[in-house]
Structures are given as C-alpha cells and as structure tokens.
Amino acid sequence: MEHTSFGDQRNATFSLTEEDHTLANALRFTLNQDPRALFCGYSIPHPSEARVNVRVQTTGEPAREVLKDACQDLMLMCQTVRSTFDKAVADFKKNP
Amino acid sequence: MSSSDSGSDEAMTDAQQQKGFVSALEMPDVPSQKLQPHLELRRTRVLCNADAPDNTDTIQYSGAYASMGVDNSLRLDQFANNFRVEVKRLTEDEMEFDMVGIDPAIANAFRRILLAELPTMAIEKVLIANNTSVIQDEVLSHRLGLIPIKVDPRLFDYLSENDKPSEKNTIVFKLHVKCGKKGPRMTVTSDELKWLPSGSELLKASEDSNSSSRAETYTSFTCSQDSLPEFSSNPITVYPDIIVAKLGPGQEIELEAHAVKGVGKTHAKWSPVATCWYRMLPEVVLTQQIEGKTAEVLKKKCPVGVFDIEDLGDGRTRATVAKPRACTLCRECIRDGEEWEKRISLRRVKDHFIFTIESTGALPPEVLFTEAVKILEDKCERVISDLS
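Chains as they are written, first to last, in the UniProt record's numbering: chain A, 1 to 96; chain B, 1 to 388.
By construction, these hints were calculated from the structure, which means they are not laboratory data.
Predicted model, so just to flag it, every value in this text is computed and none were measured.
Possibly wrong hints are sitting among the right ones.
So the derived label-pair ranges between C-beta atoms look like this [to be verified]:
id, chain 1, residue 1, chain 2, residue 2, range
1, B, LEU146, A, ASP86, 26 to 36 Å
2, B, LYS178, A, ASN53, 30 to 40 Å
3, A, ASP91, B, GLY292, 14 to 24 Å
4, A, ASN95, B, SER227, 34 to 44 Å
5, B, LYS88, A, PRO62, 40 to 50 Å
6, B, ASP191, A, THR17, 38 to 48 Å
7, A, ASN53, B, GLY305, 30 to 40 Å
Yeah, the Cβ is synthetic: ideal placement off N, Cα and C, and Gly gets one too.
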C-alpha cells in the first residue's frame, strides 16, 4: 500500500493491492458519509492488475485518519449486519 | 461519525417553551430536519417510468442536503436502529431474506464476496491412469472440477506452491469404472468418486528402479483423514447424480482427483454459490382510484397478478395492489397510453434488498452469508493495520 501526498496530509491517494470494487465502492460510501471528506473516489488503473486507487481529500484532518475511520465504520456496520442477521435466522429457525 | 446535539436541543426547547420562549430552531422559516416529500421520494425511490427508470442513483454525500438543514451523514447508532433483516425462506441449500436500511454499495459488496471470495474445495488436479472413453482427458477433468464437494472448507488450508499435498490441504478421490464387454452403455455419475482418506494410491514413477526406500505417492499424508475427529463420523462426499461421462462396451476410466481450497475469482468451480442475487423491493402505487371496467382491464394486464379487485359494496368495484412483491417491473400496466402512466406509479425502494442465496452444498446459505460479512470485516482490518 502506498500513500502519496505531496507535502499535504489532507490530500492523498491510497493504492490498495489485491482489492477491487468490492471494498473500494463500500469504502467510497462510508467516506462520502463522513462530513470531514471533501472529496473521495476510486479507480482501477488497469483491469489486469489487482489494484485500486482510493483518493481522499479532507477539510483539514489527515486523509489517512479519515480513511482509517471509514474502514472502522464499515467494520462496525458489518458487525451490526452480522448480529442482526444471526438473530433473524435464529428467530426463523425457532418459529418458521 | 458526526456529533449530534439534537438531544440536548430538544431538552432546551422543552424548558424554554414552558417559560414562554420560542427557540430559534422552531421558527417557521428555519429549515426543518425533514426533507420535503418530493425530495424524500427522490432520495428513497427509483421511479420506473414507461420510457426508462429515473432517479437510479443513491445520494451518498453527507452534505447533499446541507442547504435544507438536513444532515445526510451516517451515524452508526442510527444505522443499527434502522437496519432490519427478515428471513423469508430457508432450506438446506437456499435462502431468501430481506435486508432493509443498507446502502447498495455494501449489499453489493456482500454479493460480490459470496460469488468470488468465499473459499471452497474443488478438484484441481486429475491424475488419469486410463481413459478409453470418448470424452477427452481435459474435458473430463474440467467436468470433475465443477462437481461440488460437500465439506467445510474452513477445516482446510490453502495449498501454496511450495507445499506438499498433505491431509491439511488436499482431498483425494478415486474413480474407477469399466463398462462390460457385452451389454448396454454405461452412465458414470459423480457418486462413483470414492474418497481416499489416506491420500493418493498412485505410485510416482521412480528413476532409480532398485531404490530400497518406500515408493512415493502423489501426496504425503502424515495420518489418515478419517482418523481426524471432524471427518471420523461424516465421510467426505460429493454432490450425487451428476453425469460425468458415458462409457461404451469395453471402455474404462481410472483416475485420481485431488481437490484443494480456492476462491471463485480464480475459477468459478470454487464459488460456494450456484448463484446469489438481490433485487430492490418493488412498490406499486395507484395514484388514482381505478374503478369498474378499468379495474378489470388493469387486473388482466399484469402477467404476475399484482392487482386484485375489491368490492366497494354499492355495486362498485375498485383495483387494489394485492401482491406488490411479485411485481417484476415489466411495466405492462403503464404501457397503453399516457392515462395509464398517470394512474399507476411503479417504484423501487432503494434501501430494501430481497437477497437470495443458492448454496452448492458445501456450507448452508446462512453460514455463507455470515462468512461473507466476516471477509469484508477482514478487508477493513487489513487496510487499518496497513495504515497504522
């Protein structure tokens, strides 16, 4: 993973290897939902290379921290989804 | 994510109102916390018009409605309160459930992971000792690869390039069938694959013919797999009744198939689902009262029977929406001229997903979904640890 910022912590591109739309699109969603993110987007530079570039520009905080928080949020959402789903399945098995 | 002081605001306004104050936030020209109905419709619904669907994107940006005083940012507590899962159908290898209150970006991530990133076991290497059937070796191998193996992939490791095939990363099957010299042609099905818990039985050709060491096979198992507690009472089987080949009189197939762990993005044979898809909940709204003959026409128009007719009592009847979930959005009901488009509004709820998972048999569908969610969590964790 690279972190390219030209002397400015607020704007950065993160190059995630071995990732694709699956993670990048979900991350773009959580980043967009963060009021600290001025801009975010992702691109896959070449389809035969397993790599995705995530661009983050923030209102002041280091882009790295905002991206980390976005991952954290996505993880917490996944945990909510998992516990809600498990509960729904258990309820269904009890009385279908 | 963003802090909210609305709780304390309300407490203050309550106290102030008792004293006869009116909070500035309560004044009529101050934007309310709710979107206007036409905007709320565009935010939450896809409009399926006669010519094309409209308003298909989701509004993700947190400040999208800032000018109206509405915060569009995500709060996890809000998400946890609104998120809902409802199981509709659950069998051994298929399930349908509703997932409400989640963005398509995340629902789609789950779907993509289920299809391409959940590991299973599949036949990767086929050692053919004899094949006199009409089906060529490579075609036969490909067919064997696609047979689902009923085993929990979490009990196995990946076989990397430098690893030797062992009881922790390889499952070996034997197939030996021969059609009698006289008699009818024979159909070979996947049940003929017999599990070899002690590994390969084929001997490697050794260059040194008078070597005293034990002849080597194509696997190096340290113990038999059926001595392991997880397999001792449930032997590994494959999906039965899949036709593998047909043999004419006197033809024979003898081979050994080695299954390893892999993921669907390498090859579809490792995909744990037959398929997995979601659709947004259809919403059918009658914008006008449809009565009498017109109602009859409407009921007939719909090929999946979404509409029904209700008796109003005084000899009048009107159309109702009985089964909106069955709607396929074929738009047949709004096809015959503009008046029909005015009568009915077809929509889709943007955050309500009808998710269907069809498992191939390795794991039950509900386990597949929780495993998929765990994989997305692992991906996030990897990014976080790389950034720290």
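Hint check results:
| no. | hint | in the structure |
| --- | --- | --- |
| 1 | B:LEU146 with A:ASP86: 26 to 36 Å | holds (31 Å) |
| 2 | B:LYS178 with A:ASN53: 30 to 40 Å | violated (57 Å) |
| 3 | A:ASP91 with B:GLY292: 14 to 24 Å | violated (44 Å) |
| 4 | A:ASN95 with B:SER227: 34 to 44 Å | holds (41 Å) |
| 5 | B:LYS88 with A:PRO62: 40 to 50 Å | holds (45 Å) |
| 6 | B:ASP191 with A:THR17: 38 to 48 Å | holds (43 Å) |
| 7 | A:ASN53 with B:GLY305: 30 to 40 Å | violated (49 Å) |
In terms of the numbered hints stated before, the structure departs from hints 2, 3, 7, listed from lowest to highest.
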